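Each chain, letter by letter, is given below.
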Amino acid sequence: MEAVLEGLAQAFTPVTLGFVLFGVVLGIAVGAIPGLSSPMAIAIAVPLTFYMSPLAAIAFLLGVNKGGEFGGSISAILLNTPGTPEAAATALDGYPLARQGKAGKALKTALYSSVAGDTFSDVVLILVAAPLAVIALKMGPPELLGVLIFAFTFVTALLGKSMIKGLIAAVLGVLISMVGIDPEAAIPRLTFDVLELEDGLSFAGVAIGLLAFSEVVLQIERSYLRESGAGDGMVSFSRSREDNAFTRRDFRQVRGTVARSAVIGTVIGAIPGLGTSLAGFLGYGAAMKASKHPEEFGKGRLEGVAATEAANSAVVGSNLIPLLTLGIPGNVAAALLAGAFLIHGITPGPMIFRDHAALVYGMFGCLIVANLMNLLVGSVGLRIFALAVRAPRSVVMPSVALLCITGSFVAGGGLFAVATMMVFGILGYLMRKLDFSIIAFILGFILGPMVERSLRHTVILLDDASDLLGHPFLILMLALSAIAVFWLGRRPRGELRR
Amino acid sequence: MKWNMRAVARMPAIGLCALVGTSVFTGPALAAAYPDKPITMLVGFRAGGGVDTVGRLIAKHMEQTLGQPVVATAKAGAGGGVLAAALAKAKPDGYTIGIAVTSTWSFNPVFAKKKRYGVDDATLLASIARAQCAIFVAANSPYNSLKEAFAAARGGKALSASSPAPPATFLLRHLAGQNGVKLRVVNVKGTPAVIPQILGGHVDLGWSGGHHIPYLRKGEVRVIAATDDRRLNAPSQDVQTLKEMGYKISFCGAYIMAAPKGLPGDVKAKLDTALKAAIGSGPVQTFIERRKLAGNYQGSEALTAEVRAEAAAWAKVKAGLKK
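Which chain is which? The protein sequence lines are B and H, in order.
Here the first sequence stands for residues 1 to 498, numbered as in our numbering.
Here the second sequence stands for residues 1001 to 1323, numbered as in our numbering.
By construction, these hints were calculated from the structure, which means they are not laboratory data.
All of these numbers come straight from a predicted model, not from anything done at the bench.
From the three backbone atoms N, C-alpha and C, an ideal C-beta is built for every residue, glycine too.
Worth double-checking, as some hints may not be accurate.
What the hints assert, rightly or not - Only part of the chain B face toward chain H is listed, based on derived beta-carbon distances under 10 Å:
| no. | residue |
| --- | --- |
| 1 | Pro188 |
| 2 | Asp199 |
| 3 | Ser202 |
| 4 | Ile220 |
| 5 | Glu221 |
| 6 | Asp355 |
| 7 | Ala357 |
| 8 | Leu415 |
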């Protein structure tokens, strides 16, 4: 209890609140700019947190994450260009609404649904995480192995346009993660006698390169080819009050949808390996199935916007559950947050509730505060953020490139990390061109070493295969993974494709 | 554009005049002027960790005493190996120094696949602080000593250990080998990861350089051996060291400052003085206390002798493994 109060006291200091606010503003702006996504913003923002206190740093990054989830919907609605991949389904109904002059209404629906979904998810996290962490301590290497294999099954099966490409990207990520010192034998592998590679490739370099720098390369190519950019098909706001307001009738219309999507998003977020985009589409699909007018979806139904935004934002809170209890990041945003924890000397995992209880409860406080700020900033600055959609690339991209370089230098430990970042930027560009999932690659890169360690620990600690019978949880997880593969393999891919 | 050749010819002369001018005004002899430009302090570990933090604190203090900026620059990787290799190649003029740990020069070169540097390729300047290295068990563990654990293993019980660093793994294996028993050592990433494995009851023994102390205070773990060659600080001052138990091996680490080999005597003297003052300063001592380390200032000579002895001991362990 003492830790709860201490944490909350720290959360409500002006400095921490200021960083949350700054994070939310930055997140919305970055999310709104097409091509810049919220994981990308976090990747670049992690090094910025270097000299902050741990709580301020985490609060700031959570603000960026939350702001980004909503920000992505702004360009989806106004431009038909999702600012972030998870807002793709938002555009389906948001843009038609904007074309009807109801941009204001659509944006407000997106904001309120986003905040509602997010808050629900945060409450679940706060209630569930601490008790789960106690159980998590009982999970040894074999049990962790089970959870990780289960997570991996989803990553490879669900991400990307084809299962094969998703698999290739994930395996490539695992392969790259194997560079460095073999964790058990302490012998360098895949290092080609380069001393710098003995520590493995820095996560900061790889993540910033793949997520952010690749976009810069892509934009350079676009401007070289003089392709027309976003901002051309921008719709204007209608003058009618009704079109720009979120009325009581609208509330009644979408509340059920928001509740359903919040649950879907929270569940998806809690399972490691499933993505935010998937949550958005599942929420949208479920709303369509439940609606009495499914034929009107895609033509400007308010529920379409609400369903997607509530679901994708509900991932934000619950994806911290596997991170805080098991130390397993459920998606890229969580992985980046894990990196930020480590920079501040904090290891995410079951011990965090005992060693850094005040920080965790402070963070919980910040989650809720960030939602309120998201609501506040979003309502007040809606029209200003709409301008971010039109930010000229000639300003945005060089700034991003500069942040990529300084960020990888600081977080990765020197110029070698900058070189790493650039190499992976080009790799990321090629992957985007060839339609390989960057997300699958990064999750492979993060989960690979975890799987390796827990697998090798299991092998070292157990005598023979019959010892596995003493670990029913591992067997359960393996069975679930097998069922998931079967189920996903049979499922029509179209539904999950976009 | 046509160059005005006379003007170009005059340029170096102007530069020279400027140089002479400044030296006339700033001081008599060039040699005594060290340092007359910024010093680079290469940091052998990633930013945010203990080495980086203490390195920056020292750099700040040295700036005041030396009157020149001391710029901490990341050169992380391979347990300080990237830094040590860079230092071995750097000019010994006192403008490049580096911070890492003892095992960077004692353990790493011995077990490196390809040797890039050794103790003799560096001038070890000073040791800053020493870790509190111990083997510990969970409070509810049946083992009250290493002897009991190994006796149980001889009796057919499976014995396991969790290690966060290669030297600790070698140490644990060596101990088991001396007792003729099998020890299953799992390697985790970083000392914090040892704790849940011990508290969760997944392994029997754990090694840490001080991360166990908060859990010791809460009564959740029990220290059964000090792996340094000297006793630990309170509250573990009564725990025997491995040497006292009759083993001929010890392992612990300290943060140390180094420079390239062949450092001129006067430059080294200046650095020694500045470092000693910086290590004794308030912020560094507070850091040492907070991180539960042992204050352990050692000058160049004592430190070099110690690291050499450690390297020789590791070479013996390595030779023993090959047999």
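Each hint, compared with the structure:
1. Pro188: 6 Å, holds
2. Asp199: 4 Å, holds
3. Ser202: 8 Å, holds
4. Ile220: 28 Å, violated
5. Glu221: Interface hint status for Glu221(B): violated (32 Å vs cutoff 10 Å).
6. Asp355: Holds, about 7 Å.
7. Ala357: Because about 12 Å separates Ala357(B) from the closest Cβ in chain H, which is outside the 10 Å limit, the hint is violated.
8. Leu415: 9 Å, holds
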